[in-house]
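Each chain is listed here by its residues.
There are 2 protein chains.
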Amino acid sequence: MVELPAGTPPRRADARRNISAIVEAATRCLAEDPGVSMSAIATAAGVGRMTLYGHFESRSALVAVVVEHALDRAEAELSAVDVTGDPYDAMTRLLDASWTVTFRNGGLVQAADQALSPDLLERAHTQLVDRAKSVLRRGRSEGRFRKDMPLDWQVTAVQSLLHGAATAVHQGALTAARAPGLVTTSALALLAVPPAPSSGP
Amino acid sequence: MVELPAGTPPRRADARRNISAIVEAATRCLAEDPGVSMSAIATAAGVGRMTLYGHFESRSALVAVVVEHALDRAEAELSAVDVTGDPYDAMTRLLDASWTVTFRNGGLVQAADQALSPDLLERAHTQLVDRAKSVLRRGRSEGRFRKDMPLDWQVTAVQSLLHGAATAVHQGALTAARAPGLVTTSALALLAVPPAPSSGP
DNA sequence: CCTAATTCGTACGGTGGTGTACGAGTTGAC
DNA sequence: GTCAACTCGTACACCACCGTACGAATTAGG
Numbered sequence: 001m002v003e004l005p006a007g008t009p010p011r012r013a014d015a016r017r018n019i020s021a022i023v024e025a026a027t028r029c030l031a032e033d034p035g036v037s038m039s040a041i042a043t044a045a046g047v048g049r050m051t052l053y054g055h056f057e058s059r060s061a062l063v064a065v066v067v068e069h070a071l072d073r074a075e076a077e078l079s080a081v082d083v084t085g086d087p088y089d090a091m092t093r094l095l096d097a098s099w100t101v102t103f104r105n106g107g108l109v110q111a112a113d114q115a116l117s118p119d120l121l122e123r124a125h126t127q128l129v130d131r132a133k134s135v136l137r138r139g140r141s142e143g144r145f146r147k148d149m150p151l152d153w154q155v156t157a158v159q160s161l162l163h164g165a166a167t168a169v170h171q172g173a174l175t176a177a178r179a180p181g182l183v184t185t186s187a188l189a190l191l192a193v194p195p196a197p198s199s200g201p
Numbered sequence: 001m002v003e004l005p006a007g008t009p010p011r012r013a014d015a016r017r018n019i020s021a022i023v024e025a026a027t028r029c030l031a032e033d034p035g036v037s038m039s040a041i042a043t044a045a046g047v048g049r050m051t052l053y054g055h056f057e058s059r060s061a062l063v064a065v066v067v068e069h070a071l072d073r074a075e076a077e078l079s080a081v082d083v084t085g086d087p088y089d090a091m092t093r094l095l096d097a098s099w100t101v102t103f104r105n106g107g108l109v110q111a112a113d114q115a116l117s118p119d120l121l122e123r124a125h126t127q128l129v130d131r132a133k134s135v136l137r138r139g140r141s142e143g144r145f146r147k148d149m150p151l152d153w154q155v156t157a158v159q160s161l162l163h164g165a166a167t168a169v170h171q172g173a174l175t176a177a178r179a180p181g182l183v184t185t186s187a188l189a190l191l192a193v194p195p196a197p198s199s200g201p
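Chains as they are written, first to last, in the UniProt record's numbering: chain A, 1 to 201; chain B, 1 to 201.
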């Protein structure tokens, strides 16, 4: 699940298992509460706090690994999306995949903000957003998406919807089953070319 | 600016001035960073930390007053909005006012979440959201807003847009001048009845 | 088995925030 | 001008968390 950097001595099986458990638990915990403590993460992973520090030098180091791992996974999922063909359909597919990523990672961004270097974060963000941007740009040039708003704002708006839905689900105000559909419908409504400005009576 | 509860002995002029300064500084600080320290708030208000504790028993007490104050102000601003007439226009006016409120208070909600009782928060939230809900409900029944999404989700979605725009402005990714227009356009696009699902070729 | 790797409890020092106590200095109000 | 109200620095106890040190028990792997 979690690859170790090459060049390090091979870990024992239980150690590798624990590292995986820690990273996965940390992802879950940080997604829910960016300020969660190391103790809580250790408990959630089913290991002692000391074991955690045995594998990760510091909170920052753990967050860095978690973010990198989440980023790799997100990158893999999003790059598997077919973004060709009709921009509407492409965006729909992209939104579905983005929903999964957003819901799984949630508050991770905020945790990363406090613990990681800004430029690293910037690159990570760019990497993920660029895909959506290019679909959006294509849809705009093909006349399928509205162009009367800055492209960056459209991206921000869609992200806001994703984030809002994820929060609502975490709070129990929305079921996880309905969320992706609602996000997609809403996002497309946001991006679609508006019907003629209804000049007549 | 900040009213004192009746029945307490009248404060001296400088005390009242300081209390106002504290509440206003706290509003600003908490809106930017919900986890800001009491020291930082005191400094921002131009008073010593001890003066702050002289007027507010605890962090919770301060947050409570700040929230109450912000709530009163928001209530006043939103209740002044004309929500009659065409639902589109009513919603536009409401969104403009909501933008101001959201931008000014920002992270206050998060600070309140950690410091105040859930039921108080619930009531506060309900109070503010109900107005939008009723406009939305009317617009839906009049066929001006789409009904194929839960009303609660539409509210959540619009709030997400407001919040996302506020964050973007705070980060400098969007100018405060453009934000309200973009939020309004986007929110209305979200709520509007979609153009016929284009069945024919 | 045997050994080295690994786990993990306890205990400690450091940091940063909250809230309290004391008290000296300052200033508004009458 | 006087006095009480107010300001505000310092100092302290307290707590939660981070990160380290030590060491004993456990366990994977040959």
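Don't take every hint at face value.
Repeated chains share a single entry, so a pair holds when one copy, or any two copies, can fit it.
What the hints assert, rightly or not - Listed next, the in silico SDA-like pairs over lysine to any residue satisfying Cα-Cα at most 25 Å (straight line):
| hint | residue 1 | residue 2 |
| --- | --- | --- |
| 1 | 133 | 163 |
| 2 | 147 | 50 |
| 3 | 147 | 192 |
| 4 | 147 | 10 |
| 5 | 147 | 88 |
Because the hints were derived from the structure by calculation, they are not lab data.
**OP:** Since the copies are identical, ignore which copy is meant and state whether residue 147 and residue 88 lie within 25 Å (CA to CA) inside a copy, between copies, both or neither.
**Re:** both (15 Å within a copy, 21 Å between copies)
**OP:** Have a look at residue 133 and residue 163 and pick one of within, between, both or neither, based on CA distance no larger than 25 Å.
**Re:** For residue 133 and residue 163, the Cα distance is within 25 Å both inside one copy (17 Å) and across copies (21 Å).
Original post:
Can you tell me if residue 147 and residue 192 fall within 25 Å by alpha carbon in one copy, between copies, both or neither?
Top reply: both (9 Å within a copy, 18 Å between copies)
**OP:** Could you place residue 147 and residue 50 in one of the four classes (within, between, both, neither) given a Cα distance threshold of 25 Å?
**Re:** Neither, since 54 Å and 54 Å both go past 25 Å.
Subject >> 25 Å Cα threshold - placement of residue 10 relative to residue 147 >> reply: Neither, since 54 Å and 58 Å both go past 25 Å.
The structure does not agree with the numbered hints 2 and 4 stated previously, though it agrees with the rest.
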